[in-house]
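With these hints in hand, go ahead and build the complete structure from the sequences.
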Amino acid sequence: MMTSVNKVTRVLAGLWIAGISATVVAAQTQQPGEVTLPEAQAGQYQHQAPRLQDIETDPDLHPELRRVILKGRDLFMNTQQLRGEYVFNDMTCKSCHMGEGRMAWSGPVWPAATTLPDYRGKNGHVNSLEERIAGCFSYSMNGKAPEYGSDTMLALVAYHQYMAKGAKVYESNIAGRGFASLGKTIPEGTNDARGKQVYEANCAVCHGSDGAGKTADGQVVFPPLWGDGSYNWGAGMTRVFTAAAFIKNNMPLGQPGRLTDQEAWDVAYYINGHERPQDPRYTGDAKATREQFLNFHKATRYGTEVDGVVLGQHDNTGEKPFLKPANLKPRTFE
Amino acid sequence: MMKLKWTAFVVLAGCSLIMTPLGVAKDSSTTGDPERGQQLALQGDGSGAPCLACHGAMGEGNAAAAFPRIAGLNEDYLFRTMQAYQQGTRVNPAMSMNIDNFADADLRDLAAYFATLPVAEAGTEHSEVAPELLALGERLVTNGDWDAYIPPCASCHGPNNQGVDGNFPGLAGQHASYIKQQLLAWQQGQRRSDPLQLMEAVAKRLDAEQIDAVAAYLARQPAL
Chain A
1 MMTSVNKVTR VLAGLWIAGI SATVVAAQTQ QPGEVTLPEA QAGQYQHQAP
51 RLQDIETDPD LHPELRRVIL KGRDLFMNTQ QLRGEYVFND MTCKSCHMGE
101 GRMAWSGPVW PAATTLPDYR GKNGHVNSLE ERIAGCFSYS MNGKAPEYGS
151 DTMLALVAYH QYMAKGAKVY ESNIAGRGFA SLGKTIPEGT NDARGKQVYE
201 ANCAVCHGSD GAGKTADGQV VFPPLWGDGS YNWGAGMTRV FTAAAFIKNN
251 MPLGQPGRLT DQEAWDVAYY INGHERPQDP RYTGDAKATR EQFLNFHKAT
301 RYGTEVDGVV LGQHDNTGEK PFLKPANLKP RTFE
Chain B
1 MMKLKWTAFV VLAGCSLIMT PLGVAKDSST TGDPERGQQL ALQGDGSGAP
51 CLACHGAMGE GNAAAAFPRI AGLNEDYLFR TMQAYQQGTR VNPAMSMNID
101 NFADADLRDL AAYFATLPVA EAGTEHSEVA PELLALGERL VTNGDWDAYI
151 PPCASCHGPN NQGVDGNFPG LAGQHASYIK QQLLAWQQGQ RRSDPLQLME
201 AVAKRLDAEQ IDAVAAYLAR QPAL
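So the sequences go chain by chain: A and B. Quick note on numbering: the first sequence equals residues 1 to 334 in our numbering. Quick note on numbering: the second sequence equals residues 1 to 224 in our numbering.
Since the hints were made in silico from the structure, they are not lab data. There may be inaccurate statements among the hints.
[Stated by the list, open to error] Distance condition first, Cα-Cα at most 27 angstroms in a straight line; then the derived DSSO-like pairs of lysine-lysine:
(1) B/K204 <-> A/K214
(2) A/K329 <-> A/K287
(3) A/K329 <-> A/K94
(4) A/K329 <-> A/K122
(5) A/K196 <-> A/K287
(6) B/K204 <-> A/K94
See the structure below:
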């Protein structure tokens, strides 16, 4: 009898503790079920990208085109099928372009289809959609692009283009483009020590304390954030402001807006203060490469000292057996 | 009277267990002692029902009663789960009462034992379900519903939803009744053991039909 009374007490105590933790959670800025994303600003253009069901049922699509768009979608979602050929790390398109590349604040891909060809500061010339996709392969996936005009490239382009169905062409004031900006200046006081704390508390459960991500049955589940399996030093995500905005509006998975702006800055700074495969534009000297591409690298920690070591001063290209893919070359239109 | 009844049950069930060879461990890095765990599973914690009373002699669970299949689940996950019941971050009166006397070392051994038990063939779910519901379940599980900020299950639960580690358990081949019960538990604040409220956030965005659909579909997928 004593025992069962005791047990009822314990169960009640358990319920009470659960109630307490509920209170603690409520003190946080956002409830777990809530999604906090930036609001579109007045005058900004918004577009609802088609869903998978739309691709499958759109009566305007020739069956062969439907097949190619779906192939492009499959390449986008399961890019590791190109591992060793075009992809030389653990990343996929959807690692950064979450929500099927359709969602605002998650790097939606349709603006690439509506605003390119356009001049890009990153390489200083007018880029096509294919060339923009090639950039992701060269940097974020530490590889090289499928050949321009190839079936693989055309299928990817078809998926991008279809995501833009009905959207206004060459409209540049777009809500939710990229990951949304927290500003481009790293706030004063942003540091590795706090970044590490934020990382251990919010990121390590999936991406590991060593940043290597996690696999199951040989497949990548959580992508690596640094090291050989991650994006290289030329990827847009190495810019601290890009990573901070991505994290703020996409991480932890399913809880955008959970971290404060400063937490996002600190953890982005910490993640991007770790080594990763070499920038394909490397000249043999990281500091010199940083200076040469300062327009890009002023936002990264590449070529700067962390704990007395210059980040990026190495010949490690990860799994990739070359440094620079051939399609990374200037255009002059002469 | 209760005590006698349990003893008889345990002896009978124990005989059938002893005759069944242990399955091959999925993970060789197990930290608990599965043999001792087997003994503890048969004995219970000294003041309650033994594990097999609800979870079955082979850890297969019971679909009708929403008792989960625990055979073949990740060892760390099983350990964390039992700890959560002791600590109150998961709430289930039967579980809490029946494992409250176990020490952490006991829980480790129990986890090691159930993690090594072989998983039954897929398709243990025989109940009738509407094809439309299964189709909705397949779509949600495979693609999620990003417009409602519901990521696909495999984003965290791994390829074919067969689990990743102690934080992200296998869902495939679990009883639909249990999956549904747990999604509701998250919605009602009775399950708070998930890291960073990762699952709580998603569970709270699911409606009743989506829960039924996801549970029905996952239950019909191969656990291994």
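Results of checking the hints against the structure:
1. B/K204 <-> A/K214: Roughly 26 angstroms separates the two Cα atoms, so the pair holds.
2. A/K329 <-> A/K287: With Cα atoms ~21 angstroms apart, A/K329 and A/K287 stay inside 27 angstroms; holds.
3. A/K329 <-> A/K94: Roughly 26 angstroms between the alpha carbons, so the hint for A/K329 and A/K94 holds.
4. A/K329 <-> A/K122: Holds, at about 12 angstroms.
5. A/K196 <-> A/K287: With Cα atoms ~25 angstroms apart, A/K196 and A/K287 stay inside 27 angstroms; holds.
6. B/K204 <-> A/K94: holds, 24 angstroms
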